[in-house]
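J.: Going down the list, the protein sequences come from chains V and X. Here the numbering used here is used: the first residue of the first sequence is 88, the next is one more, and so on. Here the numbering used here is used: the first residue of the second sequence is 116, the next is one more, and so on.
If you're looking for bench data, these hints aren't it; they were derived computationally from the structure. Fair warning: there could be bad hints in the mix.
As the list claims (entries may be wrong) - Straight-line C-alpha distance at most 30 Å; calculated DSS-like pairs for lysine-lysine:
# : chain 1 : residue 1 : chain 2 : residue 2
1 : V       : K285      : V       : K138
2 : V       : K138      : X       : K254
3 : X       : K404      : V       : K382
All of these numbers come straight from a predicted model, not from anything done at the bench.
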Amino acid sequence: MSTADRAAPHGVIHDIGFRHYTGQRLGRRWARRSLLIETLRGAYGLGRPAKSRIMAWLLLGLYVAPALIVVTVAITTKADHLALSYTNYSVALSLLTTLFVAGRAPYAVSRDLRDGVIPLYLSRPLSRLDYVAAKFIGLWLAVTLFLAAPITVLLIGSLLAKMRIGDAVTGWLGGMLMVAILAAVLTGIGLALASFTKRRGLGVAAIVTSLVMAMGISPLVTSVVNTQVSVEAGTYGALIDPYRLVDGLAAGWLGVDPSDAMMAPVNGAGTTVFTLAMLAVVGACLAVLTARFKKVGRV
Amino acid sequence: MATISTHALTRSFGPVTAVSDLTVELPTGVVGLVGANGAGKSTLIKMLLGLLPPTSGTATILGFDCLTEGFAIRERVGYMPESDCLPLDVSATEFLVHMARMSGLPTNAARERAADTLRHVGLYEERYRPIGTYSTGMKQRVKLAQALVHDPQLVFLDEPTNGLDPAGRDEMLGLIARVSQDFGISVVVTSHLLGELERISDHIVVIDGGVLRRSTSTADATQVSGTLLVEVTDRADEVIARVRDHGAAVQPGRTPGTFAIDLAAADAAQWVVSAVAELEVGLVRLQRKRHQLAEIFADDASSASPTIPTPTAPATPTEEPA
Chain V
88 MSTADRAAPH GVIHDIGFRH YTGQRLGRRW ARRSLLIETL RGAYGLGRPA KSRIMAWLLL
148 GLYVAPALIV VTVAITTKAD HLALSYTNYS VALSLLTTLF VAGRAPYAVS RDLRDGVIPL
208 YLSRPLSRLD YVAAKFIGLW LAVTLFLAAP ITVLLIGSLL AKMRIGDAVT GWLGGMLMVA
268 ILAAVLTGIG LALASFTKRR GLGVAAIVTS LVMAMGISPL VTSVVNTQVS VEAGTYGALI
328 DPYRLVDGLA AGWLGVDPSD AMMAPVNGAG TTVFTLAMLA VVGACLAVLT ARFKKVGRV
Chain X
116 MATISTHALT RSFGPVTAVS DLTVELPTGV VGLVGANGAG KSTLIKMLLG LLPPTSGTAT
176 ILGFDCLTEG FAIRERVGYM PESDCLPLDV SATEFLVHMA RMSGLPTNAA RERAADTLRH
236 VGLYEERYRP IGTYSTGMKQ RVKLAQALVH DPQLVFLDEP TNGLDPAGRD EMLGLIARVS
296 QDFGISVVVT SHLLGELERI SDHIVVIDGG VLRRSTSTAD ATQVSGTLLV EVTDRADEVI
356 ARVRDHGAAV QPGRTPGTFA IDLAAADAAQ WVVSAVAELE VGLVRLQRKR HQLAEIFADD
416 ASSASPTIPT PTAPATPTEE PA
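Could you put together the complete structure from these sequences and hints?
T.: Shown next as structure tokens:
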């Protein structure tokens, strides 16, 4: 036993002094990835206090529950198709998704704005665009996972109910594609609105209000234009509501049944308009977001 | 070796010139950056971090060009902003791990260094609690920790003692001195309290209206002057009279019982001691006076004021002497 060992009582934490870091520094791509993952984890409250987890997981549970019911019914009645299709599911339960996006989008950006964290990011190997991209992709992944969960339950259920495997997998793949697109539209709108306020409550309210209003106005516009102008013109009422827009796109692109035939493109030109509208919404939201983060968080 | 050197660095925002033709070299160690609000300190820091391109001129920091190698610089430099910048709903540990990863450290290294760094700034059990529950002093330590977590070669600390009580201020200054001495990390620290900078800085840079006013080592600025400060408990007039009898030049002080003797008279200390002994009064202080940083401003204000183009700032630093 050396003198040093004897002199120090057990359980003492020795101050070993400052150690320099000589390992790898992974740079900008790693920083961007880390922020993306933090955003994704944050959306589900992982690594955060328990109370920030409740809302996200409760909504996810509620969102998946109807899929479980649909599947249970299909299995017990030995049905040959699902009561709710892979692409219509998002429209039928849009309110829950709206609540999820409204809760999560402000969580992703307004905290950074309110607490002034952005200068800390900018003083690291990360650009403003990197920040916006990481936040967008992180939340997009979170929303995509949310939307994909019940659809995947539907797939598993239809396989258990011994429906045709080819049809089930094709339907599910189409559903996943549309879910990813819907998530991009919703993430864009959510983040663009949330980036304007430091107050999370205000952001939540703004997103819920605009999405719910869009959801309400869209069929009204369709029915009015439908009777006043033409059925074809009426279908463009769907462009107002992100959920119906993407549902119409699914009908146009994949040939699946829309939730409402009056609100889906009737021909190739219609599909093009729907596609352009979707791209325009996502593009505009990204532009707003980029412009917004050029100004805030100056070091 | 200079950690930072700028050459004719200029940055204008439209008609306003925030930093004007700045040529300066900052050595390793602790460098105090002094200037009133709007003097160009934060513009300078932004340019050095590679976040704001200069209008003209060049700057190198740790051998990297701030115009083209911003990402490389920001991997090796830490920055502690003056403003509130901490997320309130995560724990200090969680936050530091994230910030270390954002600086490019792999996850395992980030965890290890987050724990190490928090220990070095003096945060222990409380590091698992949300930052929102911390006192101002603890938050300030977390802010410092996030600037150090990736083991930078240089840190910029913007007003690190802002909002702290005197005890917290002392601890923060002690920490900053350790960062330089024990950790071997160069520090550029801004403060409007000259006394603080005097205590911890090896070098002082004064900018005003974006113009370099002075760049000097602290030792030069605070060297021993040729004045002896004396304070007695009683009968100061009689002591002064006796010292004057020896032919020394004596200047009565502002507070009663104090006076200053010009040290041109080499035996002055001896004269004071014998006068005090004969009069049987107490001797409180007998001290060689040191120059203070505030004198830089007093000198500059008297000599340079008329030529300073922007009258917005010059008096401010002297309003808050040590």
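J.: Confirm or reject each hint.
T.: Here's how the hints hold up against the structure:
With a CA separation close to 20 Å, the supplied pair V/K285 and V/K138 stays within the 30 Å bound. About 23 Å separates the Cα atoms of V/K138 and X/K254, which keeps this hinted pair within 30 Å; it holds. For the hint linking X/K404 to V/K382, the alpha-carbon distance of about 50 Å lies beyond 30 Å, and the restraint is violated.
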